[in-house]
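**Student:** Based on the sequences and whatever the hints tell you, model everything.
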Amino acid sequence: MDKKSTTYRTYPYTPLTAYHPIFSQRRIEQVRHLLLAFILLFLFWLLLSGHYDLFHVSIGIFCCMLISYTSSDFLFLHIGADDTHLILPRLTMYLPWLFYQIMLSNLHLVKLVFSPISRLNPRIIPYQTKLTNGLALVTFANSITLTPGTITIELEENTFYVHAIDSKAANDLLTGDMENHIEKVFLPIAHLKERSKTMLAAEANNLIVKTVIRLFTPFIQIYGLYVIAHGHYSPGGGFQGGVILAASVILLVLAFGLHKTMTKFTEKLTVMLCSTGVLIYGGIGLLCLLLGGNFLDYQKLDIFLKVGAPAARSLGILGIELGIGIAVMACMISIFYDIATGGDFPEQDDPSANDVVDNNSSGDER
Amino acid sequence: MDSTNIITIVFICTGCFLFMTGSIGLVRFPDFYARMHATGKSDTLAVFFCLFGLAIYHGFTIDSIKLFLIAVFVFIANPTGTHSICRAAFRCGIKPWVGEEEKS
Amino acid sequence: MMENFFLGAALFLCLLVLPCLYRAIVGPTIIDRMVAIGAIGTKTLVILVLMGFLYERVAMFIDISIVYALLNFISTLAAARYFEMKGDI
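Chains as they are written, first to last, in numbering that gives the first Met the number 0: chain A, 0 to 365; chain B, 0 to 103; chain C, 0 to 88.
It should be emphasised that the hints constitute simulated quantities derived from the structure, not laboratory data.
Given the structure is predicted, the values throughout are model-derived calculations rather than measurements.
Pulled a few chain B residues facing chain A out of the computed Cβ check, cut under 10 angstroms: (1) Phe16; (2) Leu17; (3) Ala33; (4) Phe72.
Derived CB-CB ranges, DEER-like: (5) Arg118/A with Leu53/C: 36 to 44 angstroms; (6) Ile302/A with Met1/C: 47 to 55 angstroms; (7) Ile27/A with Val25/C: 54 to 62 angstroms.
Just so you know, even glycine gets a beta-carbon here, dropped at the ideal spot from N, CA and C.
**Tutor:** Printed below as a string of structure tokens:
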């Protein structure tokens, strides 16, 4: 930004931050992240939803706004929104090479599978890497795992511990060919070394799983909302969508530990959402009863909505699905919390060995 | 029998073959890590081939883009799962198998 | 013609579940069993899509298989996390 202002602005230029503290650099970045996340999620929604009328698109816009508000910064932790357009084309250039590599080494694996066991020569090799960006490290680790013959077992600081199945696979990795390709992909943000180093230190263990889950969570949530909203066309509905939404929260627990998730998604919120869902369901049902129909007799809702009986029925079902979805999500999360904490109040710091997830908070923000 | 059908058949057969190598490796290989090699990745490529073949058969619609989306999901999720379960095994102290001559 | 081919492919994949099941039953450690179940899940994902083509309800079965892929991923991660915390198989 500074560069642009020096090149073509001749008149005295007051930066936006001088007007009001609300325009601080961090705030501007947040808004950009929000917008870009919204665009990405909305594209994903359009791809999922086969219905492009005003009603469904407006539901989609609402859902995407909700999700991008709650989890937009999940997407842009290691690369900022202003670097994304630099990285993506390079990444697409890298993928065909990766695919070729995967094919070659799959052929090698096929040969190994049909040859005697003594041909195997497994070993664990350490591999020093010069990559510093978190996303680059994750791309590298997953590329290593994808090319058969090598699996990333551990990632400490900047050393990969790789399990190679025979000497050919190990030598392929040790030539450093793949690392050079990935370094080229992430070249434009190599200057952000300091920032990414602090970020890496914050999540020393579990970097790969955390990063992948961060990338997935908003999309999974959008998918859950899509399943709820299209319940009357597709096999989904309130129950399934609610479970998918709950699954996204469980994924967050798996990556970031129970305590961190429970500070964001508290038990109080769970109980409130649970009762809200039941209230929506029962409220719509009773409303139909009051209007002179049966329980959940959606056609009677037409008196309020004035859209004709079939549309009223469709809207009524949508409302019911929404209520069920919220209730099911809250219930599943609540059950999960109860099982994971063993029924104890989660504040106490007593991570017993048998907990599925315990408090190994590693000091990152989320 | 037009060309798209032939392409579909070739892709799906390749996918099935890779699935088969993965399964055979899962049974034959001597230790946990080697079995991970067999399933974790040949399965990933096999899913990609199968779904790609089906997408070609289906033509260019929303559904085939969704098929492609599943493939992308599997391509990111599968190695992550493989890595995490291998790491768990490593931290639990499962020693890698290092060849027959050293074992005896 | 293509229907028969899809049916054959789906049956072949069902047959391939058997070796994985063998590993899931015999497998010396629990983590071997987990891997075998994961492999079965991956095959099931493809079988579901093939079923969608057989029943000519592709959109529906694709939605199901997306959820299946998601659940497979979550179960693997959860098991890995559990054993890592336990520190022992």
